[in-house]
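Sequence order for the protein chains is V and H.
First residue of the first sequence? That's 1 in the numbering used here, and the numbers climb one at a time after it.
First residue of the second sequence? That's 894 in the numbering used here, and the numbers climb one at a time after it.
One thing to keep in mind: the hints can contain errors.
Taking lysine-lysine and the BS3-like style, the derived pairs with C-alpha atoms no more than 25 Å apart in a straight line are [to be verified]: (1) 949(H) - 59(V); (2) 31(V) - 949(H); (3) 270(V) - 137(V); (4) 553(V) - 572(V); (5) 935(H) - 68(V); (6) 842(V) - 572(V); (7) 342(V) - 161(V); (8) 31(V) - 935(H); (9) 601(V) - 635(V); (10) 291(V) - 171(V); (11) 291(V) - 168(V); (12) 768(V) - 842(V); (13) 68(V) - 949(H); (14) 961(H) - 31(V); (15) 463(V) - 270(V); (16) 291(V) - 257(V); (17) 935(H) - 59(V); (18) 949(H) - 978(H); (19) 168(V) - 294(V).
Think of the hints as simulated: they come from the structure by calculation, not from any bench.
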Amino acid sequence: MSVRQPTHDSDRDNHPQPPRWAQRFVEWYCKPQLAEDLLGDLHEYFERNVESIGSRRAKLIYIIDAFKFFRPYTVRAPKFIKLFINWIMIGSYIKTSGRNLMRNKLFSFINIVGLAVSMSVGLLLIAFVLDLYSYDKFHENGDRIYRITNAVASNGVQNGKFGTTSIKTGKLIREKMTGVEEVAILRSDFSQDAKVGDNVVPIKGFWAEPSLFRIFTFPMLEGNPATALNDPYSIVLTETAAKKLFGNGSALGKAIKFDTLDYQVTGVMKDVPFFSHIHFEALVSFATAEKINKNDQRFEAWENMYSNYVYLLLPENADKVSIQSQLDAIAREENRAEERTKIQLELLPLDEIVVGEELRRPMGPTGPHMPPVVVWILGGLAFVVILCACFNYSNLSMARAMRRFKEVGLRKAIGAGKSQIRYQFLAEAIIISLAALLLSYAIFLLLRPQLINIAPEMQHMVKLELTPSMVVAFIVFSIAVGMVAGFMPALFFSKVSAINALRNVSSVKVFQHVMVKRTLVVIQYTVTLIFITATAVGYVQYKNILAFDLGFKTENILNINMQGNNPDVLLKELGEMPEVTALSRSLIITSIGNAWGGYMKSEDSRDSVLVLTNHVDENYLPLHEHKLAAGGNFKARPTTANAATEVIVNEQVLKRLNIGAGDPEKAIGEEITFNSFQVHGRKMTIVGVMKDFHYGRVENLIEPVAFMFWTPGDRAVINAKIQSTDMVGTLAKIESVWKKTDRIHPFQAEFYDKAIEAAYSEFSAMVKIIGFLSFLAISIASMGLFGMVVFTTETRLKEISIRKIMGATSGSLVFLLSRDFLLLLATAALIALPATYVFFEKVVLTNFPYHTPVQIAELFVGLLVVLLIAFIMIGSQTIKAARSNPAEVLKSE
Amino acid sequence: MKGTNLGEFEELMLLTIAALMEEAYSVAICDELVQHTGRSVKLGVVHAVLHRLEEKGFVESQLGESTKTRGGKRKRFYQLTIPGKAALVRAKSMRDQLWDRIPSLVWKKA
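Using the sequences and the hints given, assemble the complete structure.
As structure tokens, this is what we get:
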């Protein structure tokens, strides 16, 4: 029956028609036997409505009615029910698949192992991503919690977006804004030693407002969450911290001494869950911080935004536009009073804190963060590896076609339809991939500790423990892999004609799909080559970064963090050790990503310039072998920060501030003005000019740096140059000396080179991950190639035998058999090598201004490895075939 | 076949179909119902009930001739089946019996 419109021209021209898509919609969902009647009725009503209420409303009514007819009795049975009936056949599929697996042990092995190995990468990634997305899910109001971020521009230059904000912001939001349910200010860096009797335990935590407990779900075990953080000098401990301080007794109401002040324990809460972006052992009432900083005017300053977090709880269906415009209004008002710094406030939803935009100063050093792009890249790489394994499966299944044509032909002859053949092959692939899942889970368990330990940050970030949702995701993933892998064989075999397959197997053109297979091999090898060359290039570049000439020496320097202790005693003790050849003090360790700084101005410079600083003593420059372009070391030995007026700068400072007209000598004795958080407009004299060196990381450009004199008010790092044949023994000795200075805190020391290595751990992690993936890619590709070679030589054995009888040499036969594969490999290399080269030169390394260019050698190392393995694969099989006895082979015919 | 009790609306529908004789198709039934009951009867409801009646075996249907008006679609005509007629008769006699039991006195009082 026809459901099309009759096309009377006159009708179409001046007569309104019901909307076409609505008609199609009804045709789509409606049972065919009802459709005509329904559409007819709709049309009749439409015509009527056009007459009575006009075509616009008639059309609307038509659409509404079209949806109204969407009822259980009109809707046709969905396709999946038919599919389900097919799935009942699965029992039979399992049986045939099982038999097939047993019959072709080599191919089954290649397929299952290949899939399992690559799937384990998928499992790791799934576990990783699920872990990342399970952060902060325990907060009952999670979807209504926001953090305030600050986008800062100083002197018109964007300084990036901070996860932190000022205390003032929090207070202004509370005072001025409407439509906000709760505001909580959280101040970081509460880190002190708690004393209870003789028991001294370092405690880390935050200063927090009472509203924190109303925003976040941190259950209290003892004490009242509503009042626990109200009074100054009250502290809420986590269960673990309470146990450390008070043993098994109740902590509530007891006193803890921090420094000289007594704090009262007003609550004990459950430990913070692992998957929380905030981690602490204790919360101290924010009122305490206010009391302590009562005389510090900068405490609540608008631009003092580096150590506070402000969280908001918005009501359900909050008007975000209005909230944002109120935030903008606050920022506008406050920025007006600021000359240099302009701050913009924004809302950051709780679930974008861990996986989301890169912000500066996320919560403490342990605050986990992962930019989504990394997840995407890893996902893409894993996907490629898995796809390679799927290709293997497709290729090998199709290569085995000859053996399976009879089976398929027979099935078809006794009545199997195309779709049934398709389902059979799909089911087979899915069964294999489910079998591979078991194996790959075992591999997953082996790889898990490796992944967790690949970078120090990972240990704080993910657990990769099996959860119910993970199990479901794994199984779904495995089925999906099976479907992808089985797709092509299913399509291929369903097209086989029964007559041809049964009459004469050899009449079926097995190699009809030869192009597809070749393409797959090329893709596989291209991917493998890209992976391997990328690993080689990445590794070399990483090594270059570590060996990069920073402009000063870092060898054998042990940096000891004084952790707030006076360095004098330790310095004296270390000075007496024969292994320690030189000692110096500094405020921070440079070149590993740390930074201090302020603004410097000279008479000749129009604007002030951001200058990175370090406070160092007179021994620092010689110990680190900084090269001086002019002038000398510090002359004065001030003991207070205010008395320090000498500064040593690098050449960049001269350039930016326009001092000395390019001649460092002329700069000596020049005066500059320095401004920072601690220092306001201090005049300082340049006493030395250093050669430029890398204060930041190697991906940063060389920046202006100034060294001031270290004074006892500063935090201290002791830099000890060590000359020893027994490093372990020396370190133990130093550690025992440390115990005299500080019995409570464990010794914190790291060799400079190790610190640099740790600073670039994300690169090493990336190299390791890509290296591992390339190992997988090459194993998978090799297995696939091996399978193909075995198959090809087997099918061409007779041809080889005949050629042999006709006088072909083994060498020429090997060449004949491997020529095809070598061509494919060459094609892959032609694609992969330039691609890798361009990718690194144009994309990756542009981020590193001082990188060494990619060497051709690195690219060819990868190619050589792949070729070597491929040769062994091809060679072993072709030689075997070439050496076979023609009499044996041809006898069977 | 589902249960064979006859709802009030179903009964009205069966009566309408019977009354319309050869012309009983969805739109006509709908119009007729609107006209005689004064309710606003929606086409979707009529369709659903017709479908139910057919499942119960009270009506049967066949497609008619193609017409130009309905966008070229044929009408589906409905007519009562023997069980359908029986159900109507049963419903009527049941009501009649009940009517007969009401003494005329009751009405006068009201």
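Hint check results:
A distance of roughly 34 Å separates the Cα atoms of residue 949(H) and residue 59(V); the hinted pair therefore is violated under the 25 Å criterion. The suggested pairing of residue 31(V) with residue 949(H) holds, with an alpha-carbon distance near 19 Å, which does not exceed 25 Å. The suggested pairing of residue 270(V) with residue 137(V) holds, with an alpha-carbon distance near 16 Å, which does not exceed 25 Å. Among the hinted pairs, residue 553(V) with residue 572(V) is consistent with the structure: their alpha-carbon atoms are about 24 Å apart, no more than 25 Å.
Note on residue 935(H) and residue 68(V): the hinted pairing holds, with a Cα-Cα distance of about 10 Å set against a maximum of 25 Å. Note on residue 842(V) and residue 572(V): the hinted pairing is violated, with a Cα-Cα distance of about 52 Å set against a maximum of 25 Å. Restraint check: the Cα-Cα separation between residue 342(V) and residue 161(V) comes to about 12 Å, which is no more than 25 Å; the hinted pair holds. Between the alpha carbons of residue 31(V) and residue 935(H) the distance comes to roughly 21 Å, so the proposed pair stays at or under 25 Å and holds.
Between residue 601(V) and residue 635(V) the CA atoms are separated by roughly 23 Å; this keeps the pair inside 25 Å, and the hint holds. Straight-line distance between C-alpha atoms of residue 291(V) and residue 171(V) comes to about 16 Å, which keeps the hinted pair within the 25 Å bound. For a cut-off of 25 Å, the pair hint linking residue 291(V) to residue 168(V) stands: about 16 Å separates their Cα positions. Pair hint residue 768(V) plus residue 842(V) holds up; C-alpha atoms about 22 Å apart against a cutoff of 25 Å.
The suggested pairing of residue 68(V) with residue 949(H) holds, with an alpha-carbon distance near 23 Å, which does not exceed 25 Å. Simply put, residue 961(H) and residue 31(V) have alpha-carbon atoms about 23 Å apart, close enough for the 25 Å limit, and the pair holds. The suggested pairing of residue 463(V) with residue 270(V) holds, with an alpha-carbon distance near 20 Å, which does not exceed 25 Å. Taken as a hint, the residue 291(V) and residue 257(V) pair is honoured in the structure, with Cα atoms around 16 Å apart against an allowance of 25 Å.
A C-alpha spacing of about 17 Å is found between residue 935(H) and residue 59(V), which places the hinted pair at or below 25 Å, so the restraint holds. Restraint check: the Cα-Cα separation between residue 949(H) and residue 978(H) comes to about 13 Å, which is no more than 25 Å; the hinted pair holds. Simply put, residue 168(V) and residue 294(V) have alpha-carbon atoms about 14 Å apart, close enough for the 25 Å limit, and the pair holds.
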